[in-house]
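Engineer: Those protein sequences? They're chains D and W, same order as listed. If you count the first sequence from 1, position 79 lands on 78 in numbering that gives the first Met the number 0, and the numbers rise without skipping. If you count the second sequence from 1, position 465 lands on 464 in numbering that gives the first Met the number 0, and the numbers rise without skipping.
Keep in mind the hints are simulated off the structure, nothing from the lab. All figures in this text were calculated on a predicted structure; none of them were measured in a lab. Hints may be right or wrong, so weigh each one.
[Stated by the list, open to error] Residues on chain W that point at chain D, a partial pick, calculated with CB under 10 Å: (1) 336; (2) 451; (3) 454; (4) 493.
[To be verified] Distance ranges between label pairs, derived from CB positions: (5) D:31 - W:268: 47 to 53 Å; (6) W:406 - D:32: 44 to 50 Å; (7) D:5 - W:186: 36 to 42 Å.
[To be verified] Just so you have them, the derived chain D footprint on chain W, three or more residues with Cβ under 8 Å: (8) 131-142; (9) 269-281.
Glycine residues also receive a C-beta, built at the ideal position from the N, C-alpha and C atoms.
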Amino acid sequence: MTTHESFWHKAFHLYYDGFRNMTLGRTLWLIIAIKLFVIFLVLKLFFFPDFIGQHAEKGHESDFVAGEICKRGVEKPPVVPQGGQLIP
Amino acid sequence: MNFQTLDLSAIDWARAQFALTAIYHWLFVPLTLGLGLIMSIMETKYYRTGDAFWRKTAQFWQRLFGINFAMGVATGIILEFEFGTNWSNYSWFVGDIFGAPLAIEGIVAFFMESTFIAVMYFGWNKVSRGFHLASTWLTTLGATFSAWWILVANAWMQYPVGATFDPDTVRNEMASFGSFLEVAFSPMAVVKFCHTVSSGWLTGAVVVVGISAWYLLRRREERFARSSMLVGSIFGLVACGAVMLTGDSSGVMVGKAQPMKLAAFEGLYEGSDQAPFTIVGDLKIPGMLTVLATHKLRGFVPGINDILEGGYTLPDSTKALSAEEKMSRGVVALDALTQYRLARSAGRTEKAAVMREKLEANLPYFGYGHILDKKDLVPPVPIVFWAFRVMVGLGSLFCLVFFLLVFLQYKKQLTRWPLLLKVTMWCIPLVYICSQAGWVCAEVGRQPWAIQDLLPVNAAVSALQSPAVRVTFFIFLCVFTLLLIAELRILFKVVRKGPQIEEEDKQNN
């Protein structure tokens, strides 16, 4: 038990003292924090939506992607006439 | 909407945005890989000798490593955002082939790296010398392990093996642990990893000798600069050998899996049994391309026209299909996928089974169903041709510089050659150009494919409008430029200040 406490105590102080005594590290952490803010709270929220999530019905994502991929083929995909008969 | 009505400029903006992000991210990765190993070697020297000089030397390079790491961290995540928004068809289509390696990279490698990096920076005087050394090596290994999984994902796009396409989910799946191993250890992944990582070592070595040369030219930090120069140049010479060997294996692999890319590297339109290697213009080495691509004195290397026309004999003794044949098979595959899904939803199981069989028979050509003109199968040859020459030319220059540095240090005449020291210094920007040229060769050379033969970029891209992508492109351009300026300012400040080993020693005395 004592060994465990001693380990966690040492681990805590490794980080606590390390962060407290940083010099150049403070600037770097500030840059990292700004970067993470821009990436996750600006870019991800406002500019990078989940395209399939927005355009496909939940549970029908594969239909959406299949449709997108097949529609862009060189020849138009076969048309399904009313009644569900497929053109061979 | 077919691809003719798709906003085509959106494809180019999405490509440009991805290229910008990847290029920016790639500024930091090679130095992390190379400098990590060099600082680990220096700390090992401290561990073995107990000489405080080596500790201070390792700490200085670790400081630069930290700046580079801090600037590069999380920039790769933006690529994943782009997959989900700009390349959503691709993201869905690759299935867990991409997801699994990236998850392993995120969970194992990144956490390993971030755990031990804390001990490396905060642990001096707090943990034993041996544990600290182990943490430094594990930080470097973690970064290298990260690179492995990222390159596994990239290699699959260039050489899609080990996957099974499921027409129900429209995803490529790893059916078993065996297929995971096939993806993780595909020959393309192995050569790509070895070549990329060794080029990172080269970048690290060039940066170390370049900064050391700057100190030597100013007669500052002489012991530090000479010692770093010695470690850096020997390491750089070894890295040069590794880059050449792995580059050779990479060339053979590209010749097998992506012959169009190899032909574009060389601007080779008509193939032959003894294809020449073009240095520049009409300056060619007869038969050399055959030797490099096949490791034989005689062996057919197809040119761009041969690949489009087909009819030549492949290494497995079958005849190469023409582009038109592949395109018509691609149309059949796409049609079979549509018919399969319609039949399945209508409950016509027999028809679905027939269509599935038809799809599987034509699946290797699936992506050709999106190619309108066979000329679209040719990547932008001038860009790839010159990028290849820049990469090889600068790589050769670095080999020469490292050789001269090692030789002159052995002769104890290094400082008598200030011109060489200046060239060494200027190699720092050049190594970045070289590294980016390598990336251009690998990625522009495989166009029009997002996934080789399976999915071209015009099918992989989301149905976006170009203004949306254009806005984020310019946001990235501004953010990345600001971050790069910040990084360079901090780096230059730390280098100008120097390790101050001699000053500290004088004060202590």
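Engineer: Next step is simple, just say for each hint if it's right about the structure.
Structural biologist: Outcome of the hint check:
1. 336: With Cβ-Cβ at 6 Å, under 10 Å, it holds.
2. 451: 16 Å, violated
3. 454: 8 Å, holds
4. 493: Since chain D brings a Cβ to about 7 Å from residue 493 of chain W, closer than 10 Å, the hint holds.
5. D:31 - W:268: 47 to 53 Å: For residue 31 of chain D and residue 268 of chain W the Cβ distance comes to about 49 Å; the hint holds.
6. W:406 - D:32: 44 to 50 Å: Since residue 406 of chain W and residue 32 of chain D have Cβ atoms about 47 Å apart, the given range 44 to 50 Å holds.
7. D:5 - W:186: 36 to 42 Å: 49 Å, violated
8. 131-142: violated (count 0)
9. 269-281: violated (count 0)
When each numbered hint is compared with the structure, violations occur for hints 2, 7, 8, 9.
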